[in-house]
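Colleague: So the sequences go chain by chain: X and W. In this text, residue positions in the first sequence follow my numbering: the first is 29, and each later residue adds one. In this text, residue positions in the second sequence follow my numbering: the first is 115, and each later residue adds one.
None of these hints come from the bench; they were simulated from the model. Keep in mind that the hints are not guaranteed to be accurate.
Unchecked claim - If you want a taste of the chain W side facing chain X, the calculated C-beta under 10 angstroms gives, among others: (1) A128; (2) E130; (3) A234; (4) S236.
Unchecked claim - To be clear about the criterion: a stretch of chain X counts as covered by chain W if any three or more of its residues have a C-beta under 8 angstroms from a C-beta of chain W, and this derived list gives those stretches: (5) 46-58; (6) 298-312; (7) 322-331.
Each residue gets a CB set at the ideal place from its N, CA and C atoms; glycine is no exception.
Here is what each chain is made of, one letter per residue.
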Amino acid sequence: MSDAALAARAGAPSWVTEKLLMGMSPRTYVRSLATRGNLIAGLILALGLSTIAYRFAYGLGSVTNLSQSTPWGLWIGFDMLCGVALAAGGYTLASAVYIFGLKEYKAVVRPALLTGFLGYLFALLGLLADLGQPWRIPYPIFYKHGVTSVMFEVGWCVFLYLTVLFLEFTPPVFEWLGWKTARRRALELTIGLTAFGVVLSTLHQSSLGALFLMAPGKLHPLWYSPFIPVYFFVSSIVAGLGMVIVESALSHRIFHSLVDPRRPVDLDRISIGLGRGAAVVLFGYFFLKLQGIAEGGHWGLLGTPYGVLYLVELLGFVLLPSLLFAVAVRAGDVAGVRRAAVLAVAGVVVNRLNVSIVAFNWNAAERYVPSLAELVVSVTLVTMGLLAFRWIVNRMPVLHEHAAFHSAH
Amino acid sequence: MEPHGFVGVYEAKALEYLIAVLYLLLFVPFWRFVNGGRSAERVAQVRVRPRPAPARGWFSVPDGVGFHPGHSWARAEGDGVVTVGLDDFARKLVGPIRGVRLPTTGTELAQGETAWSLLADSRAVDMLSPVDGTVVALNPEWGEGGGAADGDTYGEGWLLKVRPSRLAANAKQLLSGDVARRWMEAVGDSLRARMSPELGILLQDGGQPVNGIAQELEPERWDEVARAFLLS
Numbered sequence: 029m030s031d032a033a034l035a036a037r038a039g040a041p042s043w044v045t046e047k048l049l050m051g052m053s054p055r056t057y058v059r060s061l062a063t064r065g066n067l068i069a070g071l072i073l074a075l076g077l078s079t080i081a082y083r084f085a086y087g088l089g090s091v092t093n094l095s096q097s098t099p100w101g102l103w104i105g106f107d108m109l110c111g112v113a114l115a116a117g118g119y120t121l122a123s124a125v126y127i128f129g130l131k132e133y134k135a136v137v138r139p140a141l142l143t144g145f146l147g148y149l150f151a152l153l154g155l156l157a158d159l160g161q162p163w164r165i166p167y168p169i170f171y172k173h174g175v176t177s178v179m180f181e182v183g184w185c186v187f188l189y190l191t192v193l194f195l196e197f198t199p200p201v202f203e204w205l206g207w208k209t210a211r212r213r214a215l216e217l218t219i220g221l222t223a224f225g226v227v228l229s230t231l232h233q234s235s236l237g238a239l240f241l242m243a244p245g246k247l248h249p250l251w252y253s254p255f256i257p258v259y260f261f262v263s264s265i266v267a268g269l270g271m272v273i274v275e276s277a278l279s280h281r282i283f284h285s286l287v288d289p290r291r292p293v294d295l296d297r298i299s300i301g302l303g304r305g306a307a308v309v310l311f312g313y314f315f316l317k318l319q320g321i322a323e324g325g326h327w328g329l330l331g332t333p334y335g336v337l338y339l340v341e342l343l344g345f346v347l348l349p350s351l352l353f354a355v356a357v358r359a360g361d362v363a364g365v366r367r368a369a370v371l372a373v374a375g376v377v378v379n380r381l382n383v384s385i386v387a388f389n390w391n392a393a394e395r396y397v398p399s400l401a402e403l404v405v406s407v408t409l410v411t412m413g414l415l416a417f418r419w420i421v422n423r424m425p426v427l428h429e430h431a432a433f434h435s436a437h
Numbered sequence: 115m116e117p118h119g120f121v122g123v124y125e126a127k128a129l130e131y132l133i134a135v136l137y138l139l140l141f142v143p144f145w146r147f148v149n150g151g152r153s154a155e156r157v158a159q160v161r162v163r164p165r166p167a168p169a170r171g172w173f174s175v176p177d178g179v180g181f182h183p184g185h186s187w188a189r190a191e192g193d194g195v196v197t198v199g200l201d202d203f204a205r206k207l208v209g210p211i212r213g214v215r216l217p218t219t220g221t222e223l224a225q226g227e228t229a230w231s232l233l234a235d236s237r238a239v240d241m242l243s244p245v246d247g248t249v250v251a252l253n254p255e256w257g258e259g260g261g262a263a264d265g266d267t268y269g270e271g272w273l274l275k276v277r278p279s280r281l282a283a284n285a286k287q288l289l290s291g292d293v294a295r296r297w298m299e300a301v302g303d304s305l306r307a308r309m310s311p312e313l314g315i316l317l318q319d320g321g322q323p324v325n326g327i328a329q330e331l332e333p334e335r336w337d338e339v340a341r342a343f344l345l346s
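If we strip away everything but chain W, and leave its shape as in the complex, we get (with noise of 0.2 angstroms):
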């Protein structure tokens, strides 16, 4: 086709030369600028978040909080409503968890039935309720969806806020303090019994049990493990 340019072709083509001249000229400088700074590694390193470890032993067991057998927890927050979510414990033995089918505002709880599921690798894991109540407000960070703030299971990470019917009666029924430490130890001891060698040794070693206990022990019944331990 016709050139538009005003420059003829022995013009054209010495230009041709000049750009890949100049584009090899400029390229060195170019590539030492892209590959200098602040490594990548560095960059990653700063960035990394530090993950919470367990206050005491393998799980995090705080106080001021009651634990259900089925380990989920309750706490009073003193305006008559209670909080409730699952321990540290069933968020490593079930994780990574996809979401959580919650109950809708207004369900009525009775301590001790399925009050939620667990949603991960595409299976559902029922747990139970510590408390009897009427739940008041779900935390909007759950959802099937997706997760809550990683970590923070006593915290950001609560799931239903519930307003309790007979508190002090199902209060008789959690463990707390020093109690609950020994038997989240013994819970702890019944996983390890459970653990192939190879897990086992790199736990004893010192290392801390991995998210998704369940799915480490048993790959294919891992929610079956996983009901066992939570009593569903």
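Chain X on its own, in the form it takes in the complex (with noise of 0.2 angstroms):
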């Protein structure tokens, strides 16, 4: 007898019960959707998305404060610069794992590739509507190549790593959908992936900062420096290492029920490696900082209004992290390493702001103020990959394994 038959035969649900519906009936499923934080998501989506589609109609004007002189506004300096750092837990933590070989952080290297294919996906989505002729994005990978640009390094290299990160997420995928021999096949990529997605990661994440090269002019001397695509490549490890400390804590609180108790998870020493790891990158991060200052002679800026702004980003959001994860890390206390990892990220949120939006044209006559129609389209597509990492890890085993793969690892 057919599995299907047996199936059948016992009454077990069917592959849309099974797997979309979680196991409920249709009706029963609509009605767990009736929540108020449902209903807030609904609202920001219905807003969002007839914005996304108003500004299609009408053009980029319609909807943003963008000009000539500032044409990247918050959909670039939030969506792109901030949704690709953020996702930089991805490599950040499949390199620790599956090159460095610390075993011992493999349990959250699922929740962190996730995050960083949804953050990258979204960061594309955002582009698209960034984008004034969106329907040629997939010119410099098919079309007019543009070698000469540096938007060629960057368009390639997230091509190619939003389709590594989406076949190193396959197993989980697999496994939900129960093909062992794909998975397999999958499994057997996760070094080669891994190793590609460093070298993609370590390419774009700095060539996203030396966009800014190119406009020495635009952008504060104290923020301009020709170490730019070092300080966004090593950001983005500080800012991979505190989603994934940020993003854990939390899924494990949400999620709880979908931890598997018989193999624990030691978030709380988990937690506290990879805070270890932040404080001293950030530490290293503080100095090199530094060196952008003493190399440009920017010390006399230091005291302007601007200057200020940097201190603050540079003391508050970058040294003083690093102090309370060392602090955090060596008390063994695992709140405290959370408290500065939300601290780091929001520093790495902050400094690509600070590049893309206030220190950019900081000297022109006109400054951009990002428009109420650019923040719902960035706040929807927020609320777009929280929702699609929820109903991914409803569904598939991203935060244990499955049954079925138990002894397969």
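Now that you have both chains on their own, put them together as the hints suggest.
Modeller: Laid out in structure tokens, this is it:
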């Protein structure tokens, strides 16, 4: 008797019920969606998607405050630069576990890869809204490569790394679908994909910073530095480690029932280990930033209003979290590590927004301030990312290993 | 671009070297500071939550609770209301439980009829009500989005409060005390008979049954195994 016949005879739920509706009947599933959180998310999506539709119907000028002098705004500064930086947990954790052999962090690799994949995916969706001619997004890959543009390198790296992240995340998808052979093949690619992913991330995390090397006159001298690519890459490691600490703590709290009690994850120990790494990287990053000031000879600018802002970023969002991480790790204070991680992640966001918006066109007569519609679209993309994360975690073995594959690792 | 500072290029280079040396000098004590103190291992050991062991045998069978053969339980609370839940065996058989599809308050339950469904690993397994009556309250800790406190099956882990319609008659169909413990031992024996030699050796060596026994027994059709034990 076939599996399907056996399942039917045993009254087992259909594929749709089991895989998509989480074992519930359609009516129960729809009823289960009627929560306050979903209502708020629904309102955000309704508002945001209609704004996006309006933007595509009437153009960028109809919804944004962008101009010829400020062609990049919130959608690049937040959705793209922050989204990509905060998605760095994927390559950071994958390389730690699969290349450096730190197997004790394996339990948080899948959520990190998923966060990374969704981060890139929604950054790309944000980019589509930002491009004047979004249908040309495949041009650097398939049509006119434009090899002399830094965007060529960024475009290729994001395209390839999004593909790599998708492939890295396929084992839990195949486990969910029950495709054993496909899963085995996907696992065989793990090392190769991880190494490729690290190379691509190194290239494009830094090249996102290199974009600003083209605008020495537009970016404030304190933020402009030949080291920007290095800053972007190093701070992406901080963002990745910080995001994994924050995201794993939230996931294990919100999706507590999905964590397999037979194989408890020692999240405290993992968080402390990641916090130790973040403390050291931030410490080095702080001195690299000092080198940037020294190299440009910009010490005198630290007394200006922009200098104060720079010092707030440097001391409050780089040095302070580094010291907080160090103290918390030394004391074994997991809550302290998580607080430091929130500050570190916020610091990377502050840095990207400073570079792309606040300190950009700092001496222009007209300053760019994002429109409400731009804010709505950015919030919508974040909401979509969170909903996608929840949808996947609720169905696929992300926080636990699938029962049928326990011994296969 | 034009340097905006007040130092010349040689001084700037000297400062860069100084910063690099300062970093190296400070990094050593910083590294020692970060890696000193309480080790993460010790912290982790301190923070591990103790998991309650079964009171007797493999599965906890407390006094004062009536067990239905479908592995639900009922306990009279003295205010005319009965607290209802799933027993330790059901929890360990099906777990990890992602949520429970509960009836709404006001629903009429009948002893031996389906009352709620356990949601685990994208599947649902029905369970039977231990009593007749009307649902008057649901445990807010449970729901389709999450589960109640681990391990406290007969306390914080209750599912429903039911106003029974014929508790005396229902109670005759429930097992309690030593009778319940013998019944649970028999269920354990039945389970052992279905176990793979690998898992059986582990248990016979003195180990405790894992949470999610059905998934260990039959990863692909664990819900059928669970339904067989839960009589649903």
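Colleague: Next, verify each hint and record whether it holds.
Modeller: Evaluation of the provided hints:
1. Evaluation of the A128 (chain W) hint against chain X yields a held restraint, the C-beta minimum of about 9 angstroms falling below 10 angstroms.
2. Interface restraint check for E130 (chain W): the shortest CB-CB distance to chain X comes to about 5 angstroms, inside 10 angstroms, so the restraint holds.
3. At its closest, the beta carbon of A234 (chain W) sits 8 angstroms from a beta carbon of chain X; the interface hint therefore holds under the 10 angstroms criterion.
4. For S236 (chain W), the shortest C-beta to C-beta distance to chain X is roughly 5 angstroms, which falls under 10 angstroms, so the interface hint holds.
5. With a cut-off of 8 angstroms between beta carbons, the region 46-58 of chain X has 6 residues touching chain W; three or more are needed, and the interface restraint holds.
6. Counting residues of the region 298-312 of chain X whose CB falls under 8 angstroms from any CB of chain W gives 7; the rule of at least 3 is met.
7. With 8 residues bearing a CB less than 8 angstroms from a CB of chain W, the region 322-331 of chain X meets the requirement of three and the coverage assertion stands.
Hint violations for this structure: none, all hints satisfied.
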